[in-house]
Every structure is written in structure tokens, then in C-alpha cells.
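A.B. asks: Note that the numbering used here has the sequence shown beginning at 1, numbered continuously upward.
It should be emphasised that the hints constitute simulated quantities derived from the structure, not laboratory data.
Treat each hint with caution, since some may be false.
[What the hints assert, rightly or not] The calculated lysine-lysine pairs, modelled on DSSO-like cross-linking and capped at a C-alpha distance of 27 Å, are:
(1) 419 <-> 405
(2) 405 <-> 70
(3) 405 <-> 415
Quick caveat: nothing in here was measured; it's all calculated off a predicted structure.
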Amino acid sequence: MITTDDFYNVMCAMVPLYFAMLVAYASVKWWKIFSPEQCSGINRFVAVFAVPVLSFHFISQNNPYQMDAKFILADTLSKVLVLLFLSLWAILRGGLDWLITLFSVATLPNTLVMGIPLLEAMYGDFTQSLMVQLVVLQCIIWYTLLLFLFEYRAATILIQTQFPGPTAASISKFEIDGDVISLDGRDPLHTESETDGAGRIRVRIRRSTSSAPSSSIVITPRASNLSGAEVYSVNTPGPAHELFGYGSASPRLSGYGSSDVYSLQPTPRASNVNELETTTGTATSTPGWVRSPAGGRIFRQASPVFAGMRMVWESPGNGGGGGGGGESEGGKDAVGGEKDLSFRDCAKIPVDEEADTKGSATNQEMPSALVMIRLILIMVGRKLSRNPNTYSSVLGLLWSLISFKWNVGMPSLVKYSIKIISDAGLGMAMFSLGLFMALQPRIIACGTKMASIGMLIRFCGGPLLMSAASIVVGLRGDRLHTAIVQAALPQGIVPFVFAREYGLHPDILSTGVIFGMLVSLPVTLLYYLLLGL
């Protein structure tokens, strides 16, 4: 039975976190204390130092030789069941896009920031070890799997756009330049293709420089480090930028949980464009200008790939003057040539356009599975290598293996240096989340119906599946209650980051993060009270 003291202890653990979030929200929304530039410094600190060090602190203190096998199995089983069900549904009618989004909503909560203090207050100190075990699995396995799915989707869009029809089946190798961090489309990508005598196509992918505008205003592409949150308001007031034709994005802010957080406003890029120039390699060809659909459909070229074709999305403000120019190199062979395409905005496919997307890709063929897997693994590896939280998780796990194996203590100088930063991690992570909420014009960005479905999946579907999986593997008592309550934690921030970067339902994940934080406290308390009866 839950006593008054138990309830008070839970509130003592949670109210300070929400207080930090409220102070940050009020500082930006009402008191106007922090400008976006000042928020940028705060969030960058959280992104690069506070949260990665916090992760290292918890993971390094957890004994990996005494991990709870049943608890881990229950969590893994629940996620695998969701993934299998969604995969079957995607094959029949849903599609990969909704598989990724629903998997993120149903199975990936904010365990590090919210789970550890909440569950420790509810059920005791033993829950900290359980939550840390889940954090390790999330960082090393589940976020990597999610990133793999996003990169696969991005690679599919790239291939379908630049190598439509049966052409892609002949691709035997992708060569990716070292400065290409991801296929998410944040930077314009340029492809060059060559065909050998056997008809096999070799494709080189590099960052495009041909479509960069000749302007004194330069926006330097920056690879997301995924370690803290980059925050943009959805509609930050500001003068319209002549180069891009829409209001300037708010300055970059960063620092949440373990990821970069964006709003729904497009990040300005040199190639964020809206018109398509197609030029064949013949001297008599005439450039054809085609207005791209508003809202960014995926452009799928109906005709075969011409030698020397270049495709460049142009800004509405540029008219027909920008881009990579109308001249092209001579065709190397029947399917060779160069293409220049930034497809990030194209990837943001509204729900009602999915049928059209599927229909246009009916006859699309893809490269062999081995070629695709190699391409995706390279991209995933490069993304993870630039994520500070990857290093903190791996280093924390390695140190815990050494420390608990040979009973080696961390030197006091190192221990207290880490502690002084990690102590700021929880509060600053919530403070950063408050800044993000204050910069958004609406708490519910995806509409009330979609938000209701998302909240139902997050706070009802997830706990129900977790409870079933936990009972199957034999969890009972407080461990069962811990498993159920942690499944009802608010939406994790890393999935929202990926959704924003890859242009896949970011409004749904944004609502899950913001509105979910407000709903989660009464929901988790309700679960706590019901399970204690």
C-alpha cells in the first residue's frame, strides 16, 4: 500500500526536475532573460559535456557482472515484439515510415533523465542499476538500430530519386567521400556514376559544392553530433532571408538528453531549393524548369537516367539563376554521369501522400542487399563516431568491466572532476528542455487527433506490452512494477532528433517530447498508485 510518505518522496524527486524546466521556460517565454544566442551556449554545454559525463557517471558505477537478465530480457522482448508486429504491418500496408515512427513512440522513453530519479524514489536504490542497464542497451543497441533504419530510408530515397526504375539494380559499389557524414540530406549530396564493360555501376557520393550560391553570406554545414540538442523555434520572428526566401531560422541551440533537437522549421542550407533544373548531355538540349511540389514530395524522374544529367533544387528566391549551372560534362556512358541533389526537404512526406509515393516506386529496383548494408553501415558508423554520448557510454562500460573485475577504484582526482559536471547533468538537461518548449509556438504540433493516438501508444500501449513481456519472463513484485512504470516514461529525445534530421514525422515526435513531459508526471503517479494497491 502506498503511504503518504512514499508519495511525498516521489514528489521530492520529480518536482525539482520540473522546476528546472519551468524556470527555463519562463526565462525565455515570459521574462525574456535569455536570447537564442545565450541559450545556444547553455545547450551546447549540456550537449557536449553535462549529459555525456552524466551517462559515463551512471554507467561506470554499475556492476555489469550483476545485471538483471530477466529485466533485460523483458525489455528486449517487448521491443522485439513491437518491431515484429510493425514489420508485418509495414509489409502489408503501413510502410517503413510509420514503422520507424511508431517504434520510436512505443518503445524508446527518456530513461536517463526521467527514469533514474523517478524509479529510485518509487521503489528504492536497486532501480538505479536497472535503469542504467536499459540506458546502456538504448545507447548501444536500440538507438543504433533506429539510426540504421533512418539511414536505410534515406539511402532508398537517394537511390529512387537519382537512379529510378531498374537502373539501381546494376549498382555494384558505393564510394562515399570522408566528409559525407550522413544521407539525411542536411548537406547537398553530389553523385557521380561510372559503368564498366559488364554493365555494373560504381557510384561516388560526395558533398556538393556546385550548387552553393555566390553570396557573401555563407552557411557552413555542420555534422550533427547527436549528443545534445540543437534547438530551433518553429516560427522564430525575423527578417526574411533573400537567399532562401523564408524567415531565418533561429540561431543554433543545443543540448538535450543525448541528441540534437530541432523544431519543424527547415535548417537553412546552401542547396535548400525548390526548382529542378534538368539538362541532358547533348549540345542541343534545352534546360527544363519544373516547379517542385510544395511540402516536398520526393521527385521521381519518369525518364531514364541521361548521361551527364545534373539535378539541383533551387530556392524560390533565386528564380532560375542559381544552382549548378546549365552545362554538364559529357556522358561517360549510357548510365553514367553526375547528379546533384539535396533531398532533405523532399523526404518530408505528408501522410496523405504516401499512396502516391508507393505508386511511383512500384517498378523501382534496388542494389543488392550486400551493397546496401555496406553503404548504411558506413553512414551509421560515421554518425556514431561523432556522437559524444557514444564514447561516454562505451568508456563507462569498459571502465565498469575493469573496475568490478579487478576491484580497481577510480582515482579521486578523476572521480571528483567527473562528479562536479555530472551533478549538473539532470538539472541542466531539464533546463534545456524548458528552453526548447519555450521556443515552440505550439505544444501540440501534429494536431489533437494524432497527438491523442501518440499519447495512447506511449502511455498505454508501451506499458501493456512491457507488462506482458515481464510476466512471460517471470518478473514479479517491485521489479515488475519498475518495468511497467519505466515504460510509461515520456518520449525519448533522441528519436525526435533523428525524426527532425531525416524529415520523418518530426511534428509527432516533437509533440511526444513536449506534451509527453507534461502528461507523464500524473500518468506515472497513477501507475504507481494502481500498482501499489
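A.B. asks: Take a quick look at whether residue 405 and residue 415 sit within 27 Å of each other, Cα to Cα.
C.D. replies: holds (18 Å)
A.B. asks: Is residue 405 within 27 Å of residue 70, Cα to Cα?
C.D. replies: holds (22 Å)
A.B. asks: Quickly compare the C-alpha distance for residue 419 and residue 405 to 27 Å and report which way the hint goes.
C.D. replies: holds (22 Å)
In this structure, every one of the numbered hints holds.
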